[in-house]
Amino acid sequence: MEEKVIICKDLTKQFGDFTAVDKISFDVNKGEIFGFLGANGAGKTTAMRMLCGLSFPTSGEATVAGFNVYKQQEKIKRNIGYMSQKFSLYENLSIVENIRFFGGVYGVPEKEIKKRTDDIIRKLGLQNETKKMVGDLPLGWKQKLAFSVAIFHQPKIVFLDEPTGGVDPVTRRQFWDMIYEASASGITIFVTTHYMDEAEYCNRITVMVDGKIEALDSPKNLKEQFSADTIDEVFYQLARGAKRSAD
Amino acid sequence: MKQLLVFIRKEFYHVFRDRRTLLIMFGLPIAQILLFGFALTSEVKNVKIIIADNAKDVNAQQIINKIKASAYFIVEEATLNYNDIEKAFKKGDIKCVVIFPANFGNDLLGIGKAQIQIIADGSDPNTAKTLINFLTAIITDYQRQISPVADLPYTIIAETRMLYNEESNGSLNFIPGVLALVLMIVCTALTSVAVVREKELGTMEILLVSPFKPVMVLIAKAIPYLILSLCNFILILLLSVFVLNVPVQGSILLLFLESMLFILACLSFGLLISNTTNSQQTALLLSMMGMMLPTLIFTGFIFPLENMPWIFQIISNIIPARWYYLIVKSIMLKGLGFQYVWKETLVLVAMTVILLSIALKNFKKRLS
Numbered sequence: 064m065e066e067k068v069i070i071c072k073d074l075t076k077q078f079g080d081f082t083a084v085d086k087i088s089f090d091v092n093k094g095e096i097f098g099f100l101g102a103n104g105a106g107k108t109t110a111m112r113m114l115c116g117l118s119f120p121t122s123g124e125a126t127v128a129g130f131n132v133y134k135q136q137e138k139i140k141r142n143i144g145y146m147s148q149k150f151s152l153y154e155n156l157s158i159v160e161n162i163r164f165f166g167g168v169y170g171v172p173e174k175e176i177k178k179r180t181d182d183i184i185r186k187l188g189l190q191n192e193t194k195k196m197v198g199d200l201p202l203g204w205k206q207k208l209a210f211s212v213a214i215f216h217q218p219k220i221v222f223l224d225e226p227t228g229g230v231d232p233v234t235r236r237q238f239w240d241m242i243y244e245a246s247a248s249g250i251t252i253f254v255t256t257h258y259m260d261e262a263e264y265c266n267r268i269t270v271m272v273d274g275k276i277e278a279l280d281s282p283k284n285l286k287e288q289f290s291a292d293t294i295d296e297v298f299y300q301l302a303r304g305a306k307r308s309a310d
Numbered sequence: 025m026k027q028l029l030v031f032i033r034k035e036f037y038h039v040f041r042d043r044r045t046l047l048i049m050f051g052l053p054i055a056q057i058l059l060f061g062f063a064l065t066s067e068v069k070n071v072k073i074i075i076a077d078n079a080k081d082v083n084a085q086q087i088i089n090k091i092k093a094s095a096y097f098i099v100e101e102a103t104l105n106y107n108d109i110e111k112a113f114k115k116g117d118i119k120c121v122v123i124f125p126a127n128f129g130n131d132l133l134g135i136g137k138a139q140i141q142i143i144a145d146g147s148d149p150n151t152a153k154t155l156i157n158f159l160t161a162i163i164t165d166y167q168r169q170i171s172p173v174a175d176l177p178y179t180i181i182a183e184t185r186m187l188y189n190e191e192s193n194g195s196l197n198f199i200p201g202v203l204a205l206v207l208m209i210v211c212t213a214l215t216s217v218a219v220v221r222e223k224e225l226g227t228m229e230i231l232l233v234s235p236f237k238p239v240m241v242l243i244a245k246a247i248p249y250l251i252l253s254l255c256n257f258i259l260i261l262l263l264s265v266f267v268l269n270v271p272v273q274g275s276i277l278l279l280f281l282e283s284m285l286f287i288l289a290c291l292s293f294g295l296l297i298s299n300t301t302n303s304q305q306t307a308l309l310l311s312m313m314g315m316m317l318p319t320l321i322f323t324g325f326i327f328p329l330e331n332m333p334w335i336f337q338i339i340s341n342i343i344p345a346r347w348y349y350l351i352v353k354s355i356m357l358k359g360l361g362f363q364y365v366w367k368e369t370l371v372l373v374a375m376t377v378i379l380l381s382i383a384l385k386n387f388k389k390r391l392s
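These protein sequence lines are chains A and B, in that order.
FYI, our numbering numbers position 74 of the first sequence as 137, with every residue one higher than the one before it.
FYI, our numbering numbers position 75 of the second sequence as 99, with every residue one higher than the one before it.
If you are wondering where the hints come from, they were derived from the structure by calculation, not from laboratory data.
Yeah, the Cβ is synthetic: ideal placement off N, Cα and C, and Gly gets one too.
Among the clues, some could well be false.
[Said to hold, decoys possible] Short derived list, chain B residues pointing at chain A, Cβ under 10 Å: (1) Val30; (2) Tyr37; (3) His38; (4) Gln167; (5) Leu232; (6) Val233.
Please work from the sequences and hints to get the whole structure.
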């Protein structure tokens, strides 16, 4: 049996009368690329925030990297990486300073920070730009750098919240190469996205509609199940029934 | 602990790379001190006045010489009729006109009663009052000179002293006020903006997902500004001692500790503001409106509190800067020790504790 790094059972989040996430259940395997699809306001981000230890669920059970989301948020935080849709490095810090800062915050030893920093810079081909402020880099580089920083402390799981928004197709392709590489090294990828072609790259995807999980399987099986040619079509069939308007 | 140091180092990078922050941080105190010290002084010096001497006799001339001899006036002599006076004032550079009537000396020596007319520009009442006081003093002095004391059966000579400010140095009163104002602006505005900026950029989320404790984020944000504010405090003291000649009479250590307390109060307020808003503009506006204006108005360093309606006097009690201003005045200008300022200190401590606990509680609530 495969090792499960995220186990989610009937996870629910209510804000007053509004049920943002309604009894979702799923498991994610180690090293898997797990896609999380849904229209704006479907509850993706809320679900993700609960799994990251940013907010407490209203009811239901979940463990992330083997730790309980109610009681062991601190331990969860040590074992995950996170990258949000907003670009989230410091613009007026240089590349190296950014890496050193986040490495330091996660308690990575000084020696390791040096070594891994060199690796990242070589891999991204940024040797001549190390002193440059991050704000001066093109968006594509920034996003790739942000991903490298998110997995810098070698987490078990990395959460990516619409990581490729506004990035050109070539860079997006390169970005996904990095995701595959991370996944091959054993890091589990939990990714939300708007791009349906990206959904095809995932091992398995879920589609959320109005806070509920409406479908969960590999892209191939989903297409067969809904007799559709693309995930795009699958998504439209499911999302058409949504009652919540996108915000 | 190491994480905290990493964080603080990062905050310093931010401050030193942002020209705007640096400008507010160190440009503001220098500008304020120089402005209040030199430009906005309430002292009256080298004021242009016109003396219209219609008497042309010895007594009038003696008084005119006395006026000329004082350092306060630049005297212009002219013969004016009433319409010309109005014109002179309207041009604006003349603040006061002194008119001797035609038979001034005769009246004075003959019937023992003479008149001098002094007309001052009342559109600036403070200066006008000061000028009239100076001129009256000079005239009274002359009167005493020509009629020896023995001739008068009773005389009362009021001897006045300006205690704690013998040379009536106008900068004196401003230093504690500027100190309060600058620390307030730097701590409250810059701290709140620094926290909100992370929210705006989205880096706050990343920090919250990291194992770094949320409360530590606040502490790490506050410490660099605490250090920078203390540097600022020293800068202002140096400027006031060496540029404005306002010495520190009391214990510098006590002043330093009290300032640290005030800085903590301001930082707490800044953190509180940053919790309630998500945009840098709002944060800046809130700290400026919420702090700068009340500080200017209610500390009493520009407008005397005693003259305000009681309701404003009560409101002034909740402004931290008011208490700090009193403390600084006592220590710096009067040289008083802790036993004279412990009450004010206690008020500041209470305010800091309340502000800080609200800020922390608020911060935690927003997380869940």
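Consistency of the hints with the structure:
1. About 3 Å separates the beta-carbon of B:Val30 from the nearest beta-carbon of chain A, less than 10 Å, and the hint is met.
2. For B:Tyr37, the shortest C-beta to C-beta distance to chain A is roughly 6 Å, which falls under 10 Å, so the interface hint holds.
3. For B:His38, the interface hint holds, the least distance from its beta-carbon to any beta-carbon of chain A being 6 Å, beneath 10 Å.
4. The restraint placing B:Gln167 at the interface with chain A is violated, with a minimum CB-CB distance near 71 Å, outside the 10 Å limit.
5. Against a cut-off of 10 Å between C-beta atoms, the interface hint on B:Leu232 holds, since the closest Cβ of chain A lies about 6 Å away.
6. For B:Val233, the shortest C-beta to C-beta distance to chain A is roughly 4 Å, which falls under 10 Å, so the interface hint holds.
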